[in-house]
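Read off the chains here:
Number of protein chains: 2
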Amino acid sequence: MKLPASTEWVLHCATTLAQLEPGATASAKQLAEYFDLPGPYLAKQLQALVRAGVLAATTGPRGGFRLARPAAEITFLQLVEAVDGAAPPYECREIRQQGRGALPPEDCRDTCILARKMAEAHDVWRRHLAATTLADILSELPPTAPTRTRSRLTAGR
Amino acid sequence: MKLPASTEWVLHCATTLAQLEPGATASAKQLAEYFDLPGPYLAKQLQALVRAGVLAATTGPRGGFRLARPAAEITFLQLVEAVDGAAPPYECREIRQQGRGALPPEDCRDTCILARKMAEAHDVWRRHLAATTLADILSELPPTAPTRTRSRLTAGR
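Going down the list, the sequences are from chains A and B. Heads up: the first sequence begins at 964 in the numbering used here, then just goes up one per residue. Heads up: the second sequence begins at 964 in the numbering used here, then just goes up one per residue.
Looking at chain A on its own, in the form it has when it is part of the complex (with noise of 0.2 Å):
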């Protein structure tokens, strides 16, 4: 069971952009450079926060990525299920169905109890992902962290 690496990169593209004056946007090279990750590669899962409504993207010579919302409203639960959808791990395949043990269809219109008690902890996983912001992110940072981003992320405009 294993998040793509991109997770790590989104989670710290988005703190990074959460860092940033109001309006003010930076780049997929910027960011990129800022973590020395491949551009072209970081795009693709900046664009996926897009299209999740995480980040608004802007054109034109200074035109880039900025969050599309308050950061208190960005949640763990959107980065991550942005780039690894929201697909939960354990697959039922209703083997319960099958073989010399098969249950008659009658037994089986509610969800397999295993299916159902692997459910109820990607559920806790979820809820705890939903309710960490990036906004607990940012107060937990020192006083001086988005100073420094900013200089060092706009030292590569």
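If you are wondering where the hints come from, they were derived from the structure by calculation, not from laboratory data. Be a bit skeptical, because a hint or two may be false.
The list cannot tell twin chains apart, which means a pair is met if one copy fits it or any two copies do.
[Claimed, not checked] Cut-off 27 Å, straight-line C-alpha distance, at most; resulting in silico cross-link-like pairs (DSS-like, lysine-lysine):
1. LYS965 x LYS1007
2. LYS1080 x LYS1007
3. LYS992 x LYS1007
4. LYS1080 x LYS965
Values in this document were obtained by computation on a predicted structure and should not be read as measured data.
Guided by the hints, dock chain B onto chain A, whose structure is given.
Then chain B, alone, in the frame of chain A:
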């Protein structure tokens, strides 16, 4: 983020073994036929459960697998991690320490806050699965289930 298909197999096989008379066993072949699963590959997963201390294997003509512990002491977490390992899904590759924005080593003695939040979510998932036992499942099965399970399973002996 996907669990292997064999996760469903081991949850069902362990639930099946939990319904046998004390001391009774079932072979990999019986379990494979019970659920119409590929025998050799299922046998490998059952061996993984033996290594995890969840099942005991007995040899000989009537040999097979049985629970190594009472059902109340076998958790979903043990079953899931026996086949998928215990590695957390989020991997921190320390991109905070690379690129133009690289933080100095002295600022990176603590785990990255983003990795910490992801680890917390994994912890709540693990705790939920650790709190779910085979005994919980047995208590929710219809009262007729064990008799049916035993007779269908041993039909393959």
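Hints, verified against the model:
In the homo-oligomer, the alpha carbons of LYS965 and LYS1007 lie at most 27 Å apart both inside one protomer (20 Å) and across protomers (22 Å), since each shortest distance falls under that limit. In this homomeric assembly, LYS1080 and LYS1007 come within 27 Å of each other (Cα to Cα) only across copies, at 24 Å, whereas the closest approach inside a single copy is 35 Å. Within a single copy, LYS992 and LYS1007 get their C-alpha atoms as close as 12 Å, which meets the 27 Å cut-off; across copies the closest is 47 Å, which misses it. Taking identical chains as interchangeable, the C-alpha atoms of LYS1080 and LYS965 lie at most 27 Å apart whether they share a chain (20 Å) or sit on different chains (16 Å).
In the structure shown, no violation is registered for any of the earlier numbered hints.
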